[in-house]
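Asker: For the record, the sequence lines run as chains A and B.
For the first sequence, position 315 (counting from the first letter as 1) is numbered 315 according to the working numbering, and the numbering increases by one without interruption.
For the second sequence, position 53 (counting from the first letter as 1) is numbered 53 according to the working numbering, and the numbering increases by one without interruption.
Source of the hints: derived by calculation from the structure; they are not laboratory data.
Keep in mind it's a predicted model, so treat the numbers as computed, not measured.
All residues carry an ideal CB built from backbone N, CA and C; glycine is no exception.
Among these hints, one or two may not hold up.
Which residues of chain A face chain B? A few of them, derived with a C-beta cut under 7 Å, are [unchecked claim]:
#1 VAL79
#2 GLY83
#3 SER84
#4 ARG86
#5 TRP104
#6 TYR123
#7 ASP125
#8 LEU134
Each chain, written out:
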Amino acid sequence: MNRILLALLLVPILSAAAPLTVHVKLVSDVPEMAGKQVQLPLWAPGGTPRLVHEMTDRDKSTLLRIVTVQGAAFAEQSVPGAGSSRLESLGAGAARADTQAAWWDEGTLFFVRSVGGSSSLHYFDGVPRELVGLPGRVEEVVADEPRGHLFVTMEDASGLDVHRLSGEGFTEERRRLTRTQTEVENSLAVERSSGRLHFVRTGSNATSLGQAGLEELSATDGPSSAGLRAYELLSLAAAPGSDALVLYARVPAGADVENSSYVLLELVDGKVTVLAPGVFLPPGLAPPPALSHDGKHVYYVLADPAGGNPVRRIERASRTSEALDLPTRGNQEVAVSAYPDASGKMVPWVAVVAVGDEKGQDVRNHLYIGPLGEWSGW
Amino acid sequence: MRLELLMMVSLLGCPSGSSAPPESSGSVANRSCHRDVRGDLQTITKHLDKGRVEDARLYVEALASCRDAQALPQYFDLAGQVAETRGDLNGAWRAAKSALALAVQADDTESAKRWAVQLARFESDYVWIQVLPGEVERPPIRYAGAVIDDPTMRQLEDVAQGKTVWSRAGAQGFWIFPGRYKVGSSLQTLQAGQVVMLSARSPGGAP
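Chain B extracted, bound-state conformation:
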């Protein structure tokens, strides 16, 4: 069973175990905490159910450095929901991948499949900006539509600060909303599911 799960993760293109670099902005949970983790997770769920995303975010962040919480798939499930609802796509992606890794670790085939579906849904709904390590640290991407919103501003801040995540294929990049962007000197309408490859040689990017 364990072998099957590992093969599935491998087929999905996850970077393999120790060779995978750490997420550039991921937090390292190395402390136990004195919080009631289960209670906090229930509180997050209640806030989400009532549409109080910012309230839920406070609890997610409080548990982020808590080792006990980081061992629970439910934590990553809720953290991903909060992040995606706020438009923090990179955060949601990291959470979903962590949840998948926990499911594999626990030999939980059903959960692993569910998270694989979730990641595939993510890939079809948003735009992946892929960068080659060392070539383009801060991709020249600007929003070029008529109306910019807060989530897009946050996504582009991640891009500007070089806060990359790792794709299932082991590539480095960023998730952003579909929309009208200026990539390098090229004005592009980036569609859901599109992959934009950026390299030093073609800073304008070639999908």
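Only chain A is shown next, with the shape it has when bound in the complex:
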């Protein structure tokens, strides 16, 4: 009898979900970041927690900074203006905007550098190296290292289109995958297992999806659904190992910012589902949805200024949504990946851009990172 009573008492306790505590540390309260704001954190692939983020000092410049977790601390590295430190000290590209970072592998990345009127593609492995010979202004890049592909959106006399670059030095194949006069392609995303490219097409009246298979010579229409017409598609992520897409969208389509809201959508087999209404997106280009490494969860920021814009995650299969236990308020962005701990178990790592430092004396956008769970030494 006593055992039954004890079991009855314990059941609710055991079945209650453990709080999703993220042990975050502030990694942007450093001299190099003085006066600068953080945006667009992007986790690297590989075995070590590492991310790159943009840091911007208002109108002057945007630079890239890499943060690597080392035990309980972190190391940082900024992408310089030139390979030669003399050129760097002379201010090479000082008024540059380094944006659109895309990891190539766990230690090197591509990015777009805009200086003056030019906008070119660079690779960073310790020094920036320009990928020369591209015929237009590069706007965006994503990388598919296992297959040796780079996808870029590039603007030339024919308009802004998607191109695929591959081969030695990315010169053997430089193929224009789209030829659209009036549409703008953006938010490129590669599905990891198939190498299929997905992107958003924005026309004057509507948005739609496009895609390109591994060896296809040109892009085709992406999955469509009548349900998508209600939305203005902003950015997307491709769920690994499936045809599912997760998207940020504005609703109703065509409405101005004051009279619209943002939603998190899922598109599977032509069926659109709202995963989360009333999500928060930072001003400017929408970041891609924060899909977990296994595709099971999507992390997002709920638009709830009174509640500090809490960060939540939703399980795609069950539609169960939970709040993350974070000390931050005024959350702006979230990014997620996973890294193996000492035992080989994959542990999610979360990056949150939030307003203010730990002392509450600073109103800039800061960066907090940490594991969702235990991480030895952190």
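Chain A is already provided as a structure; the job is to place chain B on it using the hints.
Answerer: Same frame as chain A, now just chain B:
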């Protein structure tokens, strides 16, 4: 004063006077020339100020075999700037060391300190590939990143041709940009300030 300077150079690890071997690719300036050296140096400065590095390089090379120019620290200053801007790190290193030697020779403490700082900055910004004389003449180093650029190709050409320079500690080696390289059979991301030691016994190199 002179003794102080010599001690400073010694502490910095410069190879000492006559015992130091000549740079393997250094030019020997033994001719006076019929050029207007001061005028050429001004022209180099103007080209550099306007970002015309290749134009500046032509003048630097024209003065390279000119004894009058080689006696001027300003020549080595400008030659180093041109070389480093082009990614010719070994050339820039040689120029900086020559400028330091001239400053010491002239009892110019301030200049000597400035060049010592310049060399230290160099050491923290680039990667030093050190070889043991006679053991590894042509280190097996290949670029292994996704995008190679012209300066890196030139640096690796120096390596392939065994064109070494001498470090402040009197060791033989090469300067290259940080980046992803294959050293022997080992894929490595070489960081700024890193020293890679190569020997015949460990051709993969051990930093």
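Asker: Evaluate each hint against the coordinates.
Answerer: Evaluated hints:
1. VAL79: 12 Å, violated
2. GLY83: It holds, given that the least Cβ distance between A/GLY83 and chain B is near 5 Å, below 7 Å.
3. SER84: Given a least distance of 5 Å, the restraint on A/SER84 holds.
4. ARG86: This hint holds: A/ARG86 lies near chain B, its Cβ roughly 4 Å from the closest one there, short of 7 Å.
5. TRP104: The hint holds - A/TRP104 has a Cβ within 7 Å of chain B, the shortest such distance being about 5 Å.
6. TYR123: 4 Å, holds
7. ASP125: 4 Å, holds
8. LEU134: 12 Å, violated
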